[in-house]
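Peer 1: Residues per chain, in single letters:
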Amino acid sequence: MHELAITQGILSVVLEAAEAARARRVLTIDLTVGALTGYAEDPIRFYFDLLSRGTPAEGAILRIRREPGQGHCQTCGATFPVEPPLSPACPFCGSVEIRIHGGTHCLVERIEVEDEDEHPGGEGHPSGQ
Amino acid sequence: MRTNIPVVKAILQANEAVASENRTAFDAAGLLAVNLMSSPGAGKTSLILATVERLPDTLKVGVIEGDIASTLDAERIAARNIPVVQINTGGACHLDAPMIRSALPHLPLTALDLLFIENVGNLVCPAEFDLGAHLNIVIASVPEGHDKPYKYPGMFQKADGVVLNKADLLEILDFDLEAFRHGLRILRPDAPLFILSCRTGDGLETWIDWLMGQYRLRRERHGR
Chain A
1 MHELAITQGI LSVVLEAAEA ARARRVLTID LTVGALTGYA EDPIRFYFDL
51 LSRGTPAEGA ILRIRREPGQ GHCQTCGATF PVEPPLSPAC PFCGSVEIRI
101 HGGTHCLVER IEVEDEDEHP GGEGHPSGQ
Chain B
130 MRTNIPVVKA ILQANEAVAS ENRTAFDAAG LLAVNLMSSP GAGKTSLILA
180 TVERLPDTLK VGVIEGDIAS TLDAERIAAR NIPVVQINTG GACHLDAPMI
230 RSALPHLPLT ALDLLFIENV GNLVCPAEFD LGAHLNIVIA SVPEGHDKPY
280 KYPGMFQKAD GVVLNKADLL EILDFDLEAF RHGLRILRPD APLFILSCRT
330 GDGLETWIDW LMGQYRLRRE RHGR
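The listed protein sequences correspond, in order, to chains A and B.
Following the numbering used here, the numbering of the first sequence begins with 1 at its first residue and continues without gaps.
Following the numbering used here, the numbering of the second sequence begins with 130 at its first residue and continues without gaps.
There may be inaccurate statements among the hints.
[As the list claims (entries may be wrong)] Computed, partial: chain A to chain B, Cβ under 10 angstroms:
id, residue
1, Ala-17
2, Ala-23
3, Val-33
4, Leu-51
5, Gly-77
6, Ala-78
7, Phe-80
8, Pro-81
9, Thr-104
10, Glu-109
11, Arg-110
12, Ile-111
For the record, the hints were derived by calculation from the structure and aren't laboratory data.
Note that beta-carbon positions come from the ideal geometry of N, C-alpha and C, so glycine has one too.
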């Protein structure tokens, strides 16, 4: 249930970008979702299907890149990706002197759209149809 | 024709813009705004009440209460004659910055020194929705277990301070305090941990001293 609000955010960013580009339809959406936020992929897809109905983003393919957190070991210097539940120690040397950063970005990276005007130079869209 | 459009925008950018307006409003009023986040039942309302009871009388406190539906918490606060605004999120599991903005006209902001914002009980979404508060405080409680920082790292990464409530249960339950401390340390080594019990009052002084220190810092920063 946590993903409803961020999915509304995704849709509004996407629709704004699509409108600015005078796009007719959004085909794909590339997202980054931080793994440490606790947001899961499947509910985002579920809510997106519901919320995007009747909008130019309906039917768009969501490509979600999960951004892991960054672990850093202060003993052996290793860096390693982390996902919740976090492990309390370095996976390489076992030291507990580790620090965790990042993994919290939630971004719309890019969208692929179908242009509104399929025939450049064409004028006079039929109005009121 | 297919076109690729780089966007690279934060999904919650609209919320962040309003959060920064809220922060400006808090700064203009010269108050310290504190966002309290926790699981349901960890003791957010109890911490507000226990804190207000022990603050100097000269300090004026206001509260914004976030709840999915009920007004029970707001009633507990109002019973102590503390100005309180209830926000019912209508099902949403967190407060967001526009909800706070709409609550502000209902509070005597310029008369307040300290504003507590009690978020909806949830360890996921509240971490992602900046409200514009100066301090984000995470309250954990002993019965929840010591694994919370490991399971909800995003929440603890946002913590400027962590309260471990219901510490009077430490001797009864199998809560591994060192494991909890370590989980916090790997995520936010700079965030202070306050181990206390709102029920017995133990440990509250250290928390209140720190909070008052934060309040004075804010006042100095704004030349008052």
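Peer 1: Each hint needs a verdict: does it hold in this structure or not?
Peer 2: Okay, the hints, checked on the actual structure:
Of the supplied interface hints, the one on Ala-17 (chain A) holds, with its beta-carbon coming within about 5 angstroms of a beta-carbon of chain B, less than 10 angstroms. This hint holds: Ala-23 (chain A) has a C-beta 7 angstroms from the nearest C-beta of chain B, less than the 10 angstroms allowed. Contact between Val-33 (chain A) and chain B, as hinted, is supported at the beta carbon level, the nearest pair being about 8 angstroms apart and thus within 10 angstroms. For Leu-51 (chain A), the interface hint is violated, since its Cβ never comes within 10 angstroms of a Cβ in chain B; the closest pair sits about 13 angstroms apart.
At its closest, the beta carbon of Gly-77 (chain A) sits 16 angstroms from a beta carbon of chain B; the interface hint therefore is violated under the 10 angstroms criterion. Interface hint status for Ala-78 (chain A): violated, as the beta-carbon distance to the closest one in chain B is roughly 14 angstroms, over 10 angstroms. At its closest, the beta carbon of Phe-80 (chain A) sits 12 angstroms from a beta carbon of chain B; the interface hint therefore is violated under the 10 angstroms criterion. For Pro-81 (chain A), the suggested interface contact is broken, since its CB lies about 13 angstroms from the closest CB of chain B, more than 10 angstroms.
Among the interface hints, the one on Thr-104 (chain A) holds; its C-beta lies about 5 angstroms from the nearest C-beta in chain B, closer than the 10 angstroms criterion. The criterion of a C-beta within 10 angstroms of any C-beta in chain B is met by Glu-109 (chain A), whose closest approach is roughly 6 angstroms, and the hint holds. Below 10 angstroms, beta-carbon pairs count as interface contacts, and Arg-110 (chain A) has one with chain B at about 5 angstroms; its hint therefore holds. Interface restraint check for Ile-111 (chain A): the shortest CB-CB distance to chain B comes to about 5 angstroms, inside 10 angstroms, so the restraint holds.
Comparing the model with each earlier hint shows violations of hints 4, 5, 6, 7 and 8; every other hint is respected.
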